[in-house]
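There are 2 protein chains.
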Amino acid sequence: MELIIPRWVAPVVPDGVILSDHAVALEHGRIVALAPAVQAREAWPQATVTELPGHLLVPGFVNLHTHAPMSLLRGAGDDMPLQAWLRERIWPLEAKLMGPEFVADGTVLACAEMLMGGITCFNDMYFHPEAVAEAALDMGMRAAVGIIVVEFPSSYGSGPADYIRKGLEMRDRLRDEPRLSFTLSPHAPYTVSDDSLRRVSSLAAELGLPVQCHVHETAGEITDSLAEHRRRPLQRLADLGLLGPEFIAIHAVHLDEADIALLARHGASVAHCPHSNLKLASGIAPTTRLMTAGVNLGVGTDGAASNNRLDLLSEARTAALLAKGSSGDATVWSAHQTLHAMTLGGARALGLGARIGSIEPGKQADLTAVDLADPLSQPVFDPVAHLIHAAGREQVTHVWIDGQLVVRARQLHAERAQLRLAEMRGRARLWHNRVVDTLPAGVRHPGG
Amino acid sequence: MELIIPRWVAPVVPDGVILSDHAVALEHGRIVALAPAVQAREAWPQATVTELPGHLLVPGFVNLHTHAPMSLLRGAGDDMPLQAWLRERIWPLEAKLMGPEFVADGTVLACAEMLMGGITCFNDMYFHPEAVAEAALDMGMRAAVGIIVVEFPSSYGSGPADYIRKGLEMRDRLRDEPRLSFTLSPHAPYTVSDDSLRRVSSLAAELGLPVQCHVHETAGEITDSLAEHRRRPLQRLADLGLLGPEFIAIHAVHLDEADIALLARHGASVAHCPHSNLKLASGIAPTTRLMTAGVNLGVGTDGAASNNRLDLLSEARTAALLAKGSSGDATVWSAHQTLHAMTLGGARALGLGARIGSIEPGKQADLTAVDLADPLSQPVFDPVAHLIHAAGREQVTHVWIDGQLVVRARQLHAERAQLRLAEMRGRARLWHNRVVDTLPAGVRHPGG
Chain G
70 MELIIPRWVA PVVPDGVILS DHAVALEHGR IVALAPAVQA REAWPQATVT
120 ELPGHLLVPG FVNLHTHAPM SLLRGAGDDM PLQAWLRERI WPLEAKLMGP
170 EFVADGTVLA CAEMLMGGIT CFNDMYFHPE AVAEAALDMG MRAAVGIIVV
220 EFPSSYGSGP ADYIRKGLEM RDRLRDEPRL SFTLSPHAPY TVSDDSLRRV
270 SSLAAELGLP VQCHVHETAG EITDSLAEHR RRPLQRLADL GLLGPEFIAI
320 HAVHLDEADI ALLARHGASV AHCPHSNLKL ASGIAPTTRL MTAGVNLGVG
370 TDGAASNNRL DLLSEARTAA LLAKGSSGDA TVWSAHQTLH AMTLGGARAL
420 GLGARIGSIE PGKQADLTAV DLADPLSQPV FDPVAHLIHA AGREQVTHVW
470 IDGQLVVRAR QLHAERAQLR LAEMRGRARL WHNRVVDTLP AGVRHPGG
Chain Z
70 MELIIPRWVA PVVPDGVILS DHAVALEHGR IVALAPAVQA REAWPQATVT
120 ELPGHLLVPG FVNLHTHAPM SLLRGAGDDM PLQAWLRERI WPLEAKLMGP
170 EFVADGTVLA CAEMLMGGIT CFNDMYFHPE AVAEAALDMG MRAAVGIIVV
220 EFPSSYGSGP ADYIRKGLEM RDRLRDEPRL SFTLSPHAPY TVSDDSLRRV
270 SSLAAELGLP VQCHVHETAG EITDSLAEHR RRPLQRLADL GLLGPEFIAI
320 HAVHLDEADI ALLARHGASV AHCPHSNLKL ASGIAPTTRL MTAGVNLGVG
370 TDGAASNNRL DLLSEARTAA LLAKGSSGDA TVWSAHQTLH AMTLGGARAL
420 GLGARIGSIE PGKQADLTAV DLADPLSQPV FDPVAHLIHA AGREQVTHVW
470 IDGQLVVRAR QLHAERAQLR LAEMRGRARL WHNRVVDTLP AGVRHPGG
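Quick note, the sequences are listed as chains G and Z, same order.
Just so you know, we're using the numbering used here here: the first sequence kicks off at 70 and counts up by one.
Just so you know, we're using the numbering used here here: the second sequence kicks off at 70 and counts up by one.
For reference, chain G alone in the conformation it holds in the complex:
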């Protein structure tokens, strides 16, 4: 039995609550109680106590969309629009470099960055997903691993049937890992055929897996779909049976009222990735209208090649600011709504809403502590507002997953994770050099 006694707890459920002088009691990886600190100390006098007298304790952040391995391509293609960035820079680099080692190494770096920033769970989509899964386990992180489906071949497989077969084998092998879950991950409407999407739809129904797909990311994607399929991409996915409460629309930037109604009617979720959408000039997602329509919203960083920082706190801050600025209503995306999106919103989208995403008895103890006692953080009026609008991820001091400390005093705590990260010092240099050697002639980077 362990008690964590922070200055404040923001449990996310009930909505908008901030508790002072409360203890979170943990046992066997779960939250067993949230009670006034005095009562908790009396009830469990033998418990180990972690006192955090200047901290806000919140549920661990859920990064609802990323491509973790792409941390090795961070900054390898900046100031480029989405299609040029993909076709001229990222895909050629991936064609040359991608394999299980690239994926494992990139995921180690990404997990280290995410953990230190208070993220306890990430939802990934990439090739060689078993390498993502194994690196995440090494780093002690909770992950939803994507069974990728895409029409074109890669070092990972020959095409959609091969990707699905390998993905399902991975799931069979790893399904008893308590920190892993799985999604079916058709890459995008413009890279997956109707036949493959139908196969995904029937598998999702059969296996009860969430389905995630990049969708309505750019205006061009919609124009192309209208020309080729005579339907907007979301309508095509709906017609193929993919929309439902288990569907995660990634990006969902260009949405008309019918698109929003379609998502709401199916109980689907949106993975909102504001930095990536801005950086690639995709646009600004209508998150306030989505929220009003009752669509569940989570926040994602996207991969480090298009962000370039796997920092859910700054991502969520931008989500809130952008919603206010683009809707013209300063009251939308309140600090508490923002915290909800980056925790329970993400967890629900992944079908994990009953296990993580809030500080409630019975849930797994995925927790993040943020130090607000620094003189530069004074005064604090509302600690949740302070978290969202003033704090930085560098103020995250402690992170627990399943009740185990994974970050302590701003450092990775588990020996295995420390070792994996230490190995990356040399390996990142190797990948740097391979990327530079692979870049097209004329592209020169002064780094390294």
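No wet-lab data here; the hints were simulated from the structure.
Wrong hints could be hidden among the right ones.
Covered, in the sense of this in silico footprint (three residues per stretch, anywhere, with C-beta under 8 Å from a C-beta of chain Z), are these stretches of chain G [stated by the list, open to error]:
1) 138-146
2) 324-332
3) 451-459
4) 491-497
Here a beta-carbon is modelled for each residue, glycine too, at the ideal position from N, C-alpha and C.
Based on these hints, arrange chain Z on the given structure of chain G.
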């Protein structure tokens, strides 16, 4: 003589350059050379050498718009639109609390935060500006201090004539301080009369001072001006003689083509404050169109009551992302253009472009070093892109102003600054309690 030898130098001038293995040579507070490290070591074998083998060295950041004392009101009014936020929250709090002590204490906190984040110069507008100036000097920071002009009375003065008289007295007393400069600071077109604006215009011409004014921040401000003055605010300021190369348009969110042409024709600058503009739902400034028109752009955090983080690095990152996302062009606001805006762009707006804002021989040595050697920052392809899009202010390790170390190993370096900040631990608590006692009934904050 001192040599700083970082891994990379981004001098800002010439544009887009990144130098490896170069030394910056300092003497008597100035940059005397920027040369290959080997040559510099040979030329000055007796020099003190600071080696920063994993760092990017850039010009100190210039925060082109803030109200430093408002750090004491950080988070005291979130999720509110501009006019309600001003009239129902901020102005009533200021009416009760503001005075030289409030201003001095808030400025100490703000300076500490800004320095640790790599900001070496800030442009302020607030009441009791001599308290801002003295606190900035105590903290060792370069500041442009506003001679505020506003029609309504405050604890600082009875009205515009009194504010101008006191402001000019302050300037007379402090004008020999090398780290201080001064601006004439009419608050906004809707809070300053034509008579007062005419007086500002003639003073600016007489004294050669920059003029800064919040302008075109909200759509409502323009509608009101059309009703009351039959002109848009910028046209009214132009008619009153305020526009010119020394004019800084703060916010400048709602601009039509004629407004942009007016600013360009007069050689005016814009202080772009994206976080504040989004948070108060003011809107998104057309910075790409301003840049294309040739208007000089700087970046400002605004005060901590509307941001809530005096972090120019994240502010500039948002400026770049927002420009890309709102213009639909991913190539605008490149990382180098962004670094220019947050350094030389701000310096030029303040009339300090010949003294600071770039790493060039003859300029004052205002420098910021950012650690990019952390394993989580690997790989680095373009260090300037990495600075803008991936780094956080927590990676700022060293800051120099006039060649003096003000931040070293991520801590304030000067004893006086350390003492002033240490005093704030208790004083911030007092201000917190006074703010809470002053908040309207029904507004409850759980913090403190």
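Comparing the hints with the structure gives:
Counting residues of the segment 138-146 of chain G whose beta carbon lies closer than 8 Å to any beta carbon of chain Z gives 4, which meets the minimum of three for the stated coverage. Only residues whose C-beta sits within less than 8 Å of a C-beta in chain Z count toward coverage, and the segment 324-332 of chain G has 0 of them, not enough to reach three; the restraint is violated. Closer than 8 Å: that is the beta-carbon criterion, and the segment 451-459 of chain G has 6 residues meeting it against chain Z, so the requirement of 3 holds. Coverage of the segment 491-497 of chain G by chain Z holds. Counting CB-CB distances below 8 Å, 4 residues qualify, and the rule asks for three or more.
Violated hints amount to a single one, hint 2; each of the other numbered hints is respected by the structure.
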